[in-house]
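2 protein chains.
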Amino acid sequence: MTPTIGVFDSGFGGLTVLRALLQRLPQAQFAFLGDTARLPYGSKSRRTIARYAAQSARFLVREQGAEFLVIACNTASALALDAIKDAVPSVPVLGVIEPGAAAAHAASKTRDVLVIATDATVQSHAYTAACLGQGLRAFEMACPLLVPLVEEGWTNHAVTAEVIQIYLHALLATARTGGFTPDTLVLGCTHYPLLRPTIEQTVARIAPAPMQVIDSAESTAEAAARLLAGQAAEAVEKGPAQIRCFATDSVDKFERLGSRFLGQPVGRVELVDLGG
Amino acid sequence: MTPTIGVFDSGFGGLTVLRALLQRLPQAQFAFLGDTARLPYGSKSRRTIARYAAQSARFLVREQGAEFLVIACNTASALALDAIKDAVPSVPVLGVIEPGAAAAHAASKTRDVLVIATDATVQSHAYTAACLGQGLRAFEMACPLLVPLVEEGWTNHAVTAEVIQIYLHALLATARTGGFTPDTLVLGCTHYPLLRPTIEQTVARIAPAPMQVIDSAESTAEAAARLLAGQAAEAVEKGPAQIRCFATDSVDKFERLGSRFLGQPVGRVELVDLGG
Chain A
574 MTPTIGVFDS GFGGLTVLRA LLQRLPQAQF AFLGDTARLP YGSKSRRTIA RYAAQSARFL
634 VREQGAEFLV IACNTASALA LDAIKDAVPS VPVLGVIEPG AAAAHAASKT RDVLVIATDA
694 TVQSHAYTAA CLGQGLRAFE MACPLLVPLV EEGWTNHAVT AEVIQIYLHA LLATARTGGF
754 TPDTLVLGCT HYPLLRPTIE QTVARIAPAP MQVIDSAEST AEAAARLLAG QAAEAVEKGP
814 AQIRCFATDS VDKFERLGSR FLGQPVGRVE LVDLGG
Chain B
574 MTPTIGVFDS GFGGLTVLRA LLQRLPQAQF AFLGDTARLP YGSKSRRTIA RYAAQSARFL
634 VREQGAEFLV IACNTASALA LDAIKDAVPS VPVLGVIEPG AAAAHAASKT RDVLVIATDA
694 TVQSHAYTAA CLGQGLRAFE MACPLLVPLV EEGWTNHAVT AEVIQIYLHA LLATARTGGF
754 TPDTLVLGCT HYPLLRPTIE QTVARIAPAP MQVIDSAEST AEAAARLLAG QAAEAVEKGP
814 AQIRCFATDS VDKFERLGSR FLGQPVGRVE LVDLGG
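So the sequences go chain by chain: A and B.
Be aware that the first sequence starts at 574, since it is given in this note's numbering, and climbs by one per residue.
Be aware that the second sequence starts at 574, since it is given in this note's numbering, and climbs by one per residue.
Chain A with its partners taken away, still in its complex shape (with noise of 0.2 Å):
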């Protein structure tokens, strides 16, 4: 039987992670917590995003019975993965940034990566070791205007368009000066999946070579969908998957908004609170 997966971010934008899980296990269980009153956890200390990851983790697998977690927020996967295996120890845990920077290291042949996140992901650097860990050097840039841009709605707006350009041309420009030559770029954001088409069509157009983009939300679904693949086998006879979503607050910006990000409707959000 396929395990209860427990699916973890501060907001909503880890219903893209969740999109991309429910492609591959069609037929799993799956339990969605956006920590929303406490978002955004890019501002915050190490400790206060340990703490929070940690509750949420624990309410995830004592609450809802989650066998398999995935951290669906880069943040928390840059600063508090091991909290949360500490917080959890009997289940095994999956953030998005190591399988971003193994899908880079299979689609990268000069072994120079871009990465683009939020600036609180940047300053973590956890992307530039993970890439190292894989024998990369990478190059990250914060775009701090995509996440608001997306939250707006203006994913195929012409001003979203031209903020995706300065960004890309700045970040090109920079590592061609740093003698990089990049051939991958990940996006190291569960929001920017959102922005895919303008990003690899901005690419295209300005890059000096090809350009293979790289999401991390899917990387990160194929990771947990080979971790789970003897259970997923035997699961191809259940019915259809089955999605409760929790947030901490403000549970109606996120039926509005999220059913963008999951690429279906989230239903009903139910309201936790895990105190602080």
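None of these hints come from the bench; they were simulated from the model.
Just so it is clear, the structure is predicted and the values come from calculations on it, not from any experiment.
Don't take every hint at face value.
If several chains are the same, the list does not tell them apart, and a pair holds so long as it fits within one copy or across any two.
Within a straight-line C-alpha distance of at most 25 Å, the following computed DMTMM-like cross-link-like pairs (lysine to aspartate or glutamate) qualify [unchecked claim]:
1) Lys826 with Glu725
2) Lys682 with Asp659
3) Lys826 with Asp692
Once you have looked at the hints, place chain B on chain A.
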């Protein structure tokens, strides 16, 4: 003697209010607290915001000796002013919304007023209520991208001008459809004064009639100066203003971005722990 003035915001946007206060009370003592560990308040419930704001107010009054409190945060002014007054009953408390509405009353001839603000402030309808109290009709619109654009430092950027034009065009068109004939636009967010030149140029170009732009930060500082008029006059002999800045987290970002809002270096920001 001028009393110590406590200035409170969820982040550091409220430094625009402190800047306006400094111009009017150049010899005063200021203690500014940004509750950066728990921002943004906008996505949180009224009860949570009230609890956070009350803790912050107590810190400024009990630990920093503030004898006058300015709530330099539209969300906290909209949702927690009574809770703050209850928390520090011995101290006069001034929010940003009533002074903004009073300034709109003084400026408007048509009695129809437009308000741009964050999502949370708009959803609270605090400006609509305050304007109604002044005999004005208010039409509010959220402009969620403006805060991130200011925090990215794009205050004089073509993209920001385009976003402002899109928002104001939609605002004017919707107001006209609703039968409003506005002649006044209130900036209902402490980040927006940094965009005032672009906003003024845009309304001058696209509004069908002349439109006066009201800055709540300026209006609040004027109201504070009037309330402190006696003390301020006596304080002329004193030295230059003294400012102490406190934050509950991410002191780096505060120090890095704060000077843009304050119009002068913020100096060293002291970290405080309010719990939670």
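Evaluation of the provided hints:
In the homo-oligomer, the alpha carbons of Lys826 and Glu725 lie at most 25 Å apart both inside one protomer (11 Å) and across protomers (24 Å), since each shortest distance falls under that limit. Neither within a single protomer nor between protomers do Lys682 and Asp659 lie at most 25 Å apart by alpha-carbon distance, with minima of 36 Å and 64 Å respectively. Proximity of Lys826 to Asp692 under the C-alpha cut-off of 25 Å is found in both arrangements, the shortest distances being 23 Å within a copy and 11 Å between copies.
Of the numbered hints listed earlier, the single one contradicted by the structure is hint 2.
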